[in-house]
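Protein chains in written order, with this note's numbering: chain A, 1 to 431; chain B, 1 to 431.
None of the hints are false.
Just the calculated beta-carbon pair ranges, DEER-fashion: (1) Glu175/A to Ala385/B: 30 to 38 angstroms; (2) Glu405/B to Ser27/A: 34 to 42 angstroms; (3) Arg226/B to Glu184/A: 39 to 47 angstroms; (4) Asn378/B to Val379/A: 52 to 60 angstroms; (5) Ala258/B to Pro58/A: 24 to 32 angstroms; (6) Val379/B to Asp360/A: 52 to 60 angstroms; (7) Asn273/B to Glu175/A: 15 to 23 angstroms; (8) Ser68/A to Ser272/B: 48 to 56 angstroms.
Here are the simulated lysine to any residue pairs, SDA-like style, with alpha carbons at most 25 angstroms apart: (9) Lys17/B to Ala292/A; (10) Lys17/A to Asp154/B; (11) Lys17/A to Ala197/A; (12) Lys17/B to Asp154/A; (13) Lys17/B to Gly306/B; (14) Lys17/B to Arg152/A; (15) Lys17/B to Gly295/A; (16) Lys17/B to Ser290/A; (17) Lys17/A to Gly295/B; (18) Lys17/A to Asp296/B.
Keep in mind that the hints were calculated from the coordinates and are not lab data.
Think of the CB as a built atom: it goes at the ideal place given N, C-alpha and C, for glycine as much as any other residue.
Protein chains: 2
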Amino acid sequence: MRATLRLGLLGFGTVGKALVRLVEAESPRLSRQLGVDLRFVAVASRALPRKPTDGLPPDARVTEDLLSVATASDVDVVVELLGGLDPAGPLVVAALGAGKGVVTANKALLAARGTELARIARDQGAALSFEAAVAGGIPILRAIRESFAGDRIDTVSGILNGTCNFVLTGMARTEGGYGGVLAEAQALGYAEADPAADVEGTDAACKLALLARLAFGQEVPLEAVRTEGITRLQPVDFVYAGMLGRTPRQLGIARRLADGRLLLSVRTHLVSNDSMLASVEGPFNAVQVSTARGGDFVFSGRGAGGEPTATAVLADIVEIARRDGGSGVPPFGTEAPAPFAPAGPADSVAPFYLRFVVRDRPGILAELASVLARHDVNVDAVFQAPWSGKSALPFVVTLEPVDEERLGRALVELAALPFHVEAPLALPMTP
Amino acid sequence: MRATLRLGLLGFGTVGKALVRLVEAESPRLSRQLGVDLRFVAVASRALPRKPTDGLPPDARVTEDLLSVATASDVDVVVELLGGLDPAGPLVVAALGAGKGVVTANKALLAARGTELARIARDQGAALSFEAAVAGGIPILRAIRESFAGDRIDTVSGILNGTCNFVLTGMARTEGGYGGVLAEAQALGYAEADPAADVEGTDAACKLALLARLAFGQEVPLEAVRTEGITRLQPVDFVYAGMLGRTPRQLGIARRLADGRLLLSVRTHLVSNDSMLASVEGPFNAVQVSTARGGDFVFSGRGAGGEPTATAVLADIVEIARRDGGSGVPPFGTEAPAPFAPAGPADSVAPFYLRFVVRDRPGILAELASVLARHDVNVDAVFQAPWSGKSALPFVVTLEPVDEERLGRALVELAALPFHVEAPLALPMTP
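Work the whole structure out from these sequences, hints included.
Below, the structure is given as C-alpha cells:
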C-alpha cells in the first residue's frame, strides 16, 4: 500500500511550525516503513512570518487567505491549528463540505460544535480527527474509541491541564504562593500571558466534555461540566494536605451512574500521596479510565507543547493516509450519540476538606460544628497547624463522605457566619 | 456502516469463556452504537466442558476438531486462544491461508513466528490482530503502531508480567520470602501451578520482543532478549533496596542506540521509590514509551486475567468489523521490517547493586574491592544492615555507572572467590 497525501495547513504558530519540522524530519521513515508520502502544498496564516523562508515548507504556496487553503482542489487533508471558534469553525465546515479530511487540535471548537462537525464529516465521507485536542501526545482518544470498544467505561478522569499541574506541583515543591509559581510557569512557556482558560478550568472542561462524549456516547455540553479554578489555593492548603498524606491536583472527572446519567466536574482534589496521580509532576497530564471488566487504566505523558501536540497531529494524518481517507470509525466513536442525561450534586458523594480563614476568637469551631450538625454533615477531624499570623487564622475541618447537595446547603450557611476573612474553601478528597 | 462478523473460537479456557460472556453482554451496545453484529458460529476445544451448556454460545456448533473451525467456510474471523506453538501455529497459518482474519492473544507464537504470520496475512489480505498478547487490556500495541507513528521511539520498557509484579510487591509489603508470596499468588490465581514462564522471565521476554518489533521495525528474535528471573531475590534485598530509596521491579527494556542497534533485557531492577513504576502494585502492568519528540508516556492497567484479556480480544474483533476486514495497517506497523541489529553488554551502562552473602571473616571487603578496582569498576557505597545470622552475612556494594561487559568480567572473578555462601547478585539501578 502506498498513499500520498497533500496537506493544507491553517495556522503557523508553535504547533504548526513543529509539525512542518516533524514532517520534514520523518518523511523518509514514513515513506519507507509505512508507505505514506506527505507533502504540504499550502500554508495559510493571518500573521505570516516576515522572512517567508522561516520554517515554511519549501514547495508550499503561502497565503493569508485561509478559506482558499481550506477548500483548495489540490489539498487532501486540512490541518487546522488556528484554535478558537472563529474563523476555525467556518473553515472546518468548508473543508469538510469540500470532502476534505480535517485534522485539528482545537478542543474549544470540538467541545462547542463537535457533534455537528462529526455529522458533516459522516455525510461527506470525510475523516475528522482530533487526537491532539486532548492531553497532547497521549493517545487517549484513540484508546477510548477503539481499544475500550469491547468494555464498558464507568469513569474517565485525570490531570488534563499541564499549566495547573505545573502550578500545583510547583506550590507543593517550593511552598511558594500561587502568583510566584504562575510567573515561573509563564517564564518557562508552560502558561500563557493570559492564563485564565487554564487556571480557571475552562481548558480542562473542554477536554473533559470531549472525553465524556467518546466514553459514554452522549451529547455532553460544555456547560454541563461543573468547573472551578485553582486560583484560591494557598500555601497553607499544601501544609494541611501534607498532614493528611495528600496533595492537591486539578482533576477532570466524568462518571456514569448506574442509571446512565453523567456527573462531570473540573476542580481541585486532594489526592493520596501514594496514588499514581500524585506521581504526575510538572506539565505532565494523566488520564485514568475505569472500566467494568478490564479495571483501571492510566495513561500519562506530556499534555501540551509544540512537539508532543505535533506528533499527535501527525499520527492522525498518518492514520488517514493508511486508511485511505475514510477511517471507518466515527469521530466520536458512535454514529448515534444519545441525548445528554445529567446527574446532580446529590449524586456526588465524597469525603471533603474544608479550609477556613477566620478572625480568631473563642467559639468559632462550635458555631461551625453546629451548622454542619444541623445539616447532618459528619466531621471527621479538625486540624490546626502552628501559625504565626495574628489577624487571620487558617484551619481545616475534614468531613466524612457527604453528598454535595447537602454540603452545598451547609456551605451557604457557613459562609454567612460573620468571622470569615475569606470564603471557606471546599475540596473533595479522592483515593 | 453495519458489519456482521461470524466468529470461530479455538480454545475454551478462562479467556475464551470470558470472551463469550463479554460478547453476549455487550452485543446490544455494539450493535446499536457501533453498527457491529458479532456471532459465534463455532467453538473448538480439545477439552470440551462435560455439560455442553456451560457457558457455550447458544447457537454455535461445538467440536474437538480445531482445524475444521479454523478453516470453516462460515467463519469470518478465527479467535485463537489455545496458547503455545502447536497446534496453535499450524491452525493460525491455515486460518490466514483460508483468508480469514485472526485475533490471538498468543505471545509465544507471535514471538516465535510473528514475522512469518504477518507476511501470510498481508499476502492473503487478511487481518492479524494481537493486542491481548502484550499487557492484557492495556492498548499499548495499537498506541505504538498508530499513535506514535509520527514520532521516533527511543525506548520501550515496563512491567510486563503481573505474576512477577505481584510477587515482588508482595515481598516488599510483607517482608515475606519468595516461596510464601508465590504460593499466595497461586492461591489468588495470579500465578500458575507451574510458574516457570512467569518467574523466569520468558513470558515478559516474549512480550518485549513483540513490543520491540513494533517500536523499532526490526525482526527481533526472542533469543536476543537477555532474560533473568526473579527467583534469586531474598527478603534482605528489599531491606537494602529500602535503604537506597528503591524497590525491586521486574522490567523489560528495549532501547535503540543512536546507531540503530537494539539492547533488550528482562530482569529485576531497583527502581526509585518516587518513580511511576514503583507505584504500580500487585498484578498490574505498566509500559513506558520514550520518544524523541513527545517525551515519556506511561500506560498502566491490568496485564492479565480472563476479563481484561477478553476485552482486548473483543476490541480487536470490533476493529476488524469496523475496518471491513482489512485494517490497512500491517500487524507489526511496517511492511518491511529491517534485519535485527543487536547491541552488546558494552553498550549497557548503569549504576549497579551487588549483593553478596559470605561466610564472615576479616578481609572480605578488601578482596572484593581489589577485584573491582582491577577491573576499573568504581564503588559508590557499602551497606551492611544489622544482621542476626551467624554463618552467612549478606551485604551490599553499590557501583557507579559501569558498562556491563566490564562488570561481567569483574563478576566472574568475584564469584570465584572462596568465601561466598551463594553467588553474588547484580541488579541495575534505574531512575
